[in-house]
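Please work from the sequences and hints to get the whole structure.
Residue numbers (the working numbering), protein chains in the order written: chain A, 1 to 112; chain B, 1001 to 1112.
Everything labelled a hint here was simulated from the structure, so no lab data went into it.
Watch out, some of these pointers could steer you wrong.
Derived pair list, reagent style BS3-like, types lysine-lysine, alpha-carbon separation capped at 30 Å [to be verified]:
1) B:Lys1018 with B:Lys1055
2) A:Lys37 with B:Lys1057
3) A:Lys37 with B:Lys1055
4) A:Lys37 with A:Lys56
5) B:Lys1003 with A:Lys68
6) A:Lys5 with A:Lys37
7) B:Lys1003 with A:Lys56
8) B:Lys1071 with B:Lys1053
9) A:Lys68 with B:Lys1070
10) B:Lys1003 with B:Lys1053
11) B:Lys1003 with A:Lys104
12) B:Lys1013 with B:Lys1055
13) B:Lys1070 with A:Lys38
14) B:Lys1018 with A:Lys68
15) A:Lys38 with B:Lys1057
Label-pair distances were calculated between CB atoms; the ranges are [what the hints assert, rightly or not]:
16) B:Gly1040 with A:Glu42: 16 to 24 Å
17) B:Glu1017 with A:Gln81: 23 to 31 Å
18) B:Gly1016 with A:Ser52: 22 to 30 Å
19) B:Asp1038 with A:Ser51: 38 to 46 Å
20) A:Gln81 with B:Glu1056: 21 to 29 Å
21) B:Asp1038 with A:His76: 26 to 34 Å
22) A:Ser52 with B:Tyr1010: 34 to 42 Å
23) B:Lys1071 with A:Ser51: 37 to 45 Å
24) B:Ser1110 with A:Ser52: 38 to 46 Å
Here a beta-carbon is modelled for each residue, glycine too, at the ideal position from N, C-alpha and C.
The lines below spell out each chain.
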Amino acid sequence: DQQVKQNSPSLSVQEGRISILNCDYTNSMFDYFLWYKKYPAEGPTFLISISSIKDKNEDGRFTVFLNKSAKHLSLHIVPSQPGDSAVYFCAASDQAGTALIFGKGTTLSVSS
Amino acid sequence: DVKVTQSSRYLVKRTGEKVFLECVQDMDHENMFWYRQDPGLGLRLIYFSYDVKMKEKGDIPEGYSVSREKKERFSLILESASTNQTSMYLCASQFRGNQPQHFGDGTRLSIL
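So this is what it looks like as structure tokens:
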């Protein structure tokens, strides 16, 4: 049973607009959440994280929102750029914060 | 910057062979991980290690073993390679719990 779900396999956005990537989780013990970006033939690159004591974390163009009651998090990219085109993975871990459970990924395409 | 180096980018082996995948990190991180990435399945954890000579099974350990004799090096071993182990293998390291994991560029392994 999938504990971390990214229900949209793909998303297309125009350059300059907002990209919103969504992620749902089922395990209430998850305590730490991360987003990674992956280009083809490269390893995932860490983007941004959030712990369960917060509901928002920002880093430049990237903002992650956490809604614990809904077991939902989202990644907002504003403004979107063509270089943001990649696969985005949501991941979660429990309080130990070691092993990560990944979603299956969402492919973002940003057109100019 | 954290550097996680995987010994091979591409590898082709035959069924039944014993295969070694090597990973080295240069940041004195405590924790190291092996994942495999398959289309439509995201990243799945095979094994991880939180200290030298210590290991923990992940979600899909069958057919694999690991070795961590030195803190900076974590090896994944396919005891008798099979075609269903054809995949992209990703190594990651982590300073400690509740910190981001940092990934290598992956090894694309084909078992013929």
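Each hint, compared with the structure:
1. B:Lys1018 with B:Lys1055: Holds. Lysine 1018 of chain B to lysine 1055 of chain B sits at ~20 Å (cutoff 30 Å).
2. A:Lys37 with B:Lys1057: holds, 25 Å
3. A:Lys37 with B:Lys1055: holds, 27 Å
4. A:Lys37 with A:Lys56: It holds: about 19 Å lies between the C-alpha atoms, which stays within 30 Å.
5. B:Lys1003 with A:Lys68: violated, 33 Å
6. A:Lys5 with A:Lys37: Given that 30 Å is the threshold and the Cα spacing comes to 16 Å, the pair holds.
7. B:Lys1003 with A:Lys56: Holds - the C-alpha atoms of lysine 56 of chain A and lysine 1003 of chain B are around 29 Å apart, at most 30 Å.
8. B:Lys1071 with B:Lys1053: holds, 9 Å
9. A:Lys68 with B:Lys1070: Roughly 39 Å separates the two Cα atoms, so the pair is violated.
10. B:Lys1003 with B:Lys1053: The given pair, whose Cα atoms are some 22 Å apart, holds under the 30 Å limit.
11. B:Lys1003 with A:Lys104: holds, 25 Å
12. B:Lys1013 with B:Lys1055: Answer holds: lysine 1013 of chain B to lysine 1055 of chain B is near 26 Å, not above 30 Å.
13. B:Lys1070 with A:Lys38: With Cα atoms ~29 Å apart, lysine 1070 of chain B and lysine 38 of chain A stay inside 30 Å; holds.
14. B:Lys1018 with A:Lys68: Roughly 45 Å between the alpha carbons, so the hint for lysine 1018 of chain B and lysine 68 of chain A is violated.
15. A:Lys38 with B:Lys1057: holds, 25 Å
16. B:Gly1040 with A:Glu42: 16 to 24 Å: holds, 19 Å
17. B:Glu1017 with A:Gln81: 23 to 31 Å: violated, 44 Å
18. B:Gly1016 with A:Ser52: 22 to 30 Å: violated, 46 Å
19. B:Asp1038 with A:Ser51: 38 to 46 Å: Given range 38 to 46 Å: violated, Cβ gap about 29 Å.
20. A:Gln81 with B:Glu1056: 21 to 29 Å: violated, 39 Å
21. B:Asp1038 with A:His76: 26 to 34 Å: holds, 28 Å
22. A:Ser52 with B:Tyr1010: 34 to 42 Å: Since the Cβ atoms of serine 52 of chain A and tyrosine 1010 of chain B sit about 39 Å apart, the hinted range of 34 to 42 Å holds.
23. B:Lys1071 with A:Ser51: 37 to 45 Å: Once the Cβ atoms are compared, 26 Å apart, the range 37 to 45 Å for serine 51 of chain A and lysine 1071 of chain B is violated.
24. B:Ser1110 with A:Ser52: 38 to 46 Å: holds, 40 Å
When each numbered hint is compared with the structure, violations occur for hints 5, 9, 14, 17, 18, 19, 20, 23.
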